[in-house]
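Chemist: What follows is the residue order along each chain.
There are 2 protein chains.
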Amino acid sequence: MYKNKNCGEPNSKDIGSEVIVAGWVNKRRDHGNLIFIDLRDKSGVLQVVFNPEVSSDAHDLASNLRSEWVVQIKGVIVKRISGAENDSISTGSVELQANEIKILNKSKTPPFEISDEIEIDDQTRLAYRFIDLRRPKMQKLFTLRHKITKLIWDYLSDRDFTHIETPILLKSTPEGARDYVVPSRIHPGKFYALPQSPQQLKQILMVSGFDRYFQIARCFRDEDLRADRQPEHTQLDLEMSFVHQDDVMLLVEGLYKHITYEILGNNYKQNDKDFVRLSYEESIERFGTDKPDLRFGMELVTISEELKNTESNVFNHVLNQRGVIRGIVAPGAGHYDRKKTDELIDLAKSSGASGLVYILFDNNFDSIENIKDENYKSPLKKFLNVDVVKGLAKKMSAKPGDMILIVADQENKVNTVLSNLRNFLGEKLNLYDQKEIMFAWVYDFPLFEWDEDLKKWEPAHHVFSSPKTEHLDFLISDPGKVHADLFDLVCNGMEMGSGSIRIHDPNIQKKVFSIIGYKEEEIDDRFGQLIKAFSYGAPPHGGMGLGLDRFIATLAGEKAIREVIAFPKTQSAQDPLFDSPNKISNQQLEELFINLILPDEEEA
Amino acid sequence: MYKNKNCGEPNSKDIGSEVIVAGWVNKRRDHGNLIFIDLRDKSGVLQVVFNPEVSSDAHDLASNLRSEWVVQIKGVIVKRISGAENDSISTGSVELQANEIKILNKSKTPPFEISDEIEIDDQTRLAYRFIDLRRPKMQKLFTLRHKITKLIWDYLSDRDFTHIETPILLKSTPEGARDYVVPSRIHPGKFYALPQSPQQLKQILMVSGFDRYFQIARCFRDEDLRADRQPEHTQLDLEMSFVHQDDVMLLVEGLYKHITYEILGNNYKQNDKDFVRLSYEESIERFGTDKPDLRFGMELVTISEELKNTESNVFNHVLNQRGVIRGIVAPGAGHYDRKKTDELIDLAKSSGASGLVYILFDNNFDSIENIKDENYKSPLKKFLNVDVVKGLAKKMSAKPGDMILIVADQENKVNTVLSNLRNFLGEKLNLYDQKEIMFAWVYDFPLFEWDEDLKKWEPAHHVFSSPKTEHLDFLISDPGKVHADLFDLVCNGMEMGSGSIRIHDPNIQKKVFSIIGYKEEEIDDRFGQLIKAFSYGAPPHGGMGLGLDRFIATLAGEKAIREVIAFPKTQSAQDPLFDSPNKISNQQLEELFINLILPDEEEA
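In order, the protein sequence lines correspond to chains A and B.
Under this note's numbering, the letters of the first sequence match residues 1 to 604, in that order.
Under this note's numbering, the letters of the second sequence match residues 1 to 604, in that order.
Any given hint could be a false lead.
What the hints assert, rightly or not - Derived lysine-lysine pairs resembling DSS-like cross-links, with alpha carbons at most 30 Å apart: (1) A:Lys5 - B:Lys273; (2) B:Lys349 - B:Lys291; (3) B:Lys455 - A:Lys583; (4) B:Lys147 - A:Lys108; (5) A:Lys372 - A:Lys340; (6) A:Lys140 - B:Lys147; (7) B:Lys5 - A:Lys150; (8) B:Lys291 - B:Lys395.
Hints are computed from structural coordinates only; laboratory data are not their basis.
Turn these sequences into a full structure, and let the hints steer you where they fit.
Modeler: As C-alpha cells, this is what we get:
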C-alpha cells in the first residue's frame, strides 16, 4: 500500500504518530514560509503543512504542486494551532506535518473545480466524468447506492430469496418500448435482443421451482428520449411462488421501510406506519392520478352539482357532453397575481385543458358563511354569485385566503390537469417537507385499456397480470370491467415499481392474449416459451419490478436518475467520454451479414 | 400464502400439528386403499398419505394426481409407521395425513423425470430448462451460486469496496475476442458494443477517486465456440488504488479462502496455508504451464544432458536445433500396456509433439541402483542402455514400477505436451483427491509475446498492465525482456482470474501501445478516454477480473460452467427454450438503418 491511513481518518488521538497518506491535491495555499495543501481521497480531506525547517526538500517539492496532482506524503500528525481548527471536516483538529513527499502523478488543469458548490453543464460533466465523480457529493451518492444495494441483498437473502442472473442476450419480444438488438455472427440474419425486463425469465424461474427469486437486473429500452430516461437502467426484480397480492406487497413494504429507515433514520417519519393503500379507483377519484403524492392533501372534489345551474357556457357545455367539473383548493394562494395565475393556466393547457377557472379569496372575512361579493375575484365572476361560491367553498372546505381551481372537461382530462396542478402547487406552496418520503400502494388496476386510435384493447400494465378471480367472467363479456391483482408502489408522486399476481393457467393467458388481438403465430413467437412452461405445472406466483435508480435518487434527494448512475448517457443516448455509440469497421459489418442504409445526410 | 410450511420442514416436533403445504407431485404410489405422494418444493420432499377414512374427497382427488401437478394440501403431521422411515430426507420420520387437497395446476407428462440420477442430452435439458432446473442438484447449484455471490458482497463491503455498476451499452474496442454490437436507432450507422470486461471503466473509476471498486459484472465475447465458453459470463471485477501487486493478491487470497472455507468447511485443506506463489518462469520450468495443477507432483525435469550422448537421431536432431529434452515420471504406471501407451502417444501428438518416448519399469528390482536390462521396456530401448536409464531415473527420482515419459522438441512445445500428459496422468493415476481445491498464484508474466505470424509484439495478457519498474528500460531496448506486475490466480490447473498493477502514466501507456503497433488514431479511438483520464491525476492502481461462473462450478465440483448458469446457451450460442437468436421485423431493421446481406444458402 502507498498509505497506512486514509486522509479522512486522523484525529486528535493520532497526534504524535507518523503516518503515510496518499491522495489528490485539493488546494494549495502559500503562507509566507509555510505551504499548506488539502490532501483529498475518498474518505475526506487532511490539511498538510510543509515547513522548510522540518524538511526543505519536501517544502521545495510542495511549492510545485498543482490541483489534482497525486502525491504520497509521510509525516507526523500534529495539533492545529489554536483558532485554525476546522469543524466542517473530520480531521479539522489536526494537520499533517510533512517530512517527505513523492509525486505519484501530475495533472493537467482540470476543466472545473472539485467542489459541490459549482454549476457545470451536463455535457462537460459527462465528458470529464472522472473529474465530476471526484466531487464529494458524487462520492457520497455512489457510497449510498452501494449501501442500498447491499441492504437489498441482506434483507432478501435473510428471507430465503435466491439471486439468479438471467441472460442479457435474449430474444426480441418488443413490448411497450423498442428492443435493442444484437446481430448474430454465427446465425446470419438473426438477432439477440437485450431484455426490457427479465419478466418471462423470472416467471419461468418460478415454474422451475425456485420459490423466491430476486435480481439486481439491468434492463434496456430503446425509447425516444424523454427527460430523465436512460437506455439502460437497473431494476430490483423479484418474484415469489404460492403467494397472494398481499404477500408480495408486505414483503416489499418491509424491504422499502427497512432501507429507507437505514438511510434516513428518524427523518423517515412514515417508519412506524403502514403504507397507505388506495385502490386504483380511489386514487384517481381523490388525486386524479394513479401516482398520488401523499405528502399533502389538496384532494380533488367533484363540483358538477354545485355548478350545474350557472349560466356559464363553459360549464353547461361540458355537463351536456357527459363531462365533469372538478376542482382543488390551493391553501393560502388567494393573493396570487396575474402572472402566477397565468402560469397555472399555461400548465393546465399544456396538460390538455381547454381552460382553467380560478376563484381567489381575500383574507377580509372570518368564515365562508360570511363571504361577500367583494371578498373574491374570478375571471368568471359574473357567473359565480355569492351563493354559488359559498356552496363551492363549503363542499371543498376552502378558507379565507385560499384559491379554488376548477377544470371542466371529460373526466380523464380533468383528472390529469388537476393532478398536475396539484403537484405543481403542492411544491410551490411548500405544503410538505421536500425531504419527506411517503410511500403508498395503488392496487386493483384495470387489466385492459381501450385504445381509441387502434380501436382495440391494450394491456394497461402488462399482459402477464392475473385478472381478479371474481372478474374472470368479464374476460368474455366485458374486458373493460376486468380488474387485476396488479399494484404499484408509489412514492412522493412517482412510480417506484409495479407488481402483480401473474397468470399461471395457460388457457387464461391465451385468452388475455386473444383479447389484445395477438395472433396464434405472434403468441408463439413472443410468449411460446412461457406458455410451454405453464403447461408443465406452473405454481401460482407474483412479484414486482422496482426501479432501483429512481429509488436511490429519491432517497438521496436527487431529481435525476443520471446523478446516481456512474456513466449515464445524455438525452441523445450518447456517452461523451467514451464517444459511444460509434462506427464499427467494415469487417465487423461483413461478419455480421449487415449493411448500412444511411439516410441521405449521413452518406455525405 | 398458499402454505404455512415448506415441504422440507416438518419433523417429529411437528407431530400432531395442522399444516398447509404446496408444491409439485414428485411421485404417486397407490397401496391398496391408501394413496401416497411425495410432495416437492425448493426445501425438500414431504410424504403425504390420503386415507379414504380420513377424507374420501381428498382421496378421490388424489387418485387423479399425476407427476408435476401443482397442489395445495391441508392435513396433520403424523409419525410414520415403524419401518417406513426414510433417513435420506429431512422429513423422513413423519408424513402428512391429508384432509383437503386443491389442485392448483396440472402438468403435461414431463419429458424426463425430476431426478439427479438420469442422463439427459443437453439440447433437451435446455429446451425444457424449467423442468431441468427442478432437479434437486440444480436447485442446490443455484443456492450455492447465491451464497457465493452474497459472500463476495459481504467480504468486500466489509473492506470498504464500493459496488459500482458500469454500462452494458458501450463502445466497440475489440481486443482478444470480437465485440457484440448494438445498432443505434438515434445515430444512424453507429453502434454500441457490449463490454468484454469493464476494464477501462474500472480504471476510470480509480481515476475518479473511488479507491476500491468491485462489480459482479456481465461480460460478453462473440467468440468462435470452444468447449465450455458462453457468449456472456459473469466476472468478479475489482480494482484498488494506491496498491502494489502484493496488496491485490492478499486481498483476493483472503476472499477466495474465506469463500472456499464457508462452502467446503474442513474439506478445504488449504485453508490454513498461504497460496503457493510461482513466478511465471518457475511455473513453466516445473509444470510446463502457467496454469499448474498443484494437487500432485510429477514435475517436469530437463534431461538433455543425460540423453545427449545416445545414438538416437530423435534426441540428437532436437539438441542440434537448440531444442530440449524433458520428461516426467508417472508413478506406478510401469505396467501400462500398448493400448494405454498408445493413448498417451495420441495425446502427445494432438498437443503438437512429433513423438513420445516412454520407458516402463517393472517391479522386479529393489532400487534404481540395481536396475538391469530386463527390468525396463521402451520402443527406443536400443538407444537406452542401463547406464543411461539409471542416470535418467536418478535425475528424475523414478522408482521401480514407474514410467518415464520423454519429449524432445523446441522448449515451448515440450512444455505444452508434457503439461497435458501430466494433467491427464494425474487424473488417470488418481494422484489427488478430485474434491480437493488448491489455489496458487503465478506472477511476473512477460508483458509481450512475439507473434511469429504477424512478426510483431502482442500483449501477453492485456495492454494495461504495468511493466515492472526495473524493466522500464527494456521497453525501448528489448520488449521481450519486459515482465509486468501481472498475476494469475490458478486453481486445480484452471485460470480463475487475472490481475495486474496497471499503468497510470499516460506516457508509459502510449509507449506500450506503440510497441504493439497501434497507430495514433487507433489509440485515440479505442483508448482515448483512458489516456485523457490519465492526464488528470491518475493514482497508482491495480486489480483483477475473476471468472465467477468457473469459480462456482469448481466449488460445486462441476466441470462445465453452463451447469451454474440459469439459462446458458448451446455450443452454437443458441437458447433452445427462447429460440434465440431469432429474426426481427423489417420495420426494426429499417429503424436501425441496416439491411441483411445473407449468404446464399440463407436467402432461399
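Chemist: Please name the hints from earlier in the document that this structure breaks, with their numbers sorted from lowest to highest.
Modeler: Of the numbered hints, just 4 does not hold.
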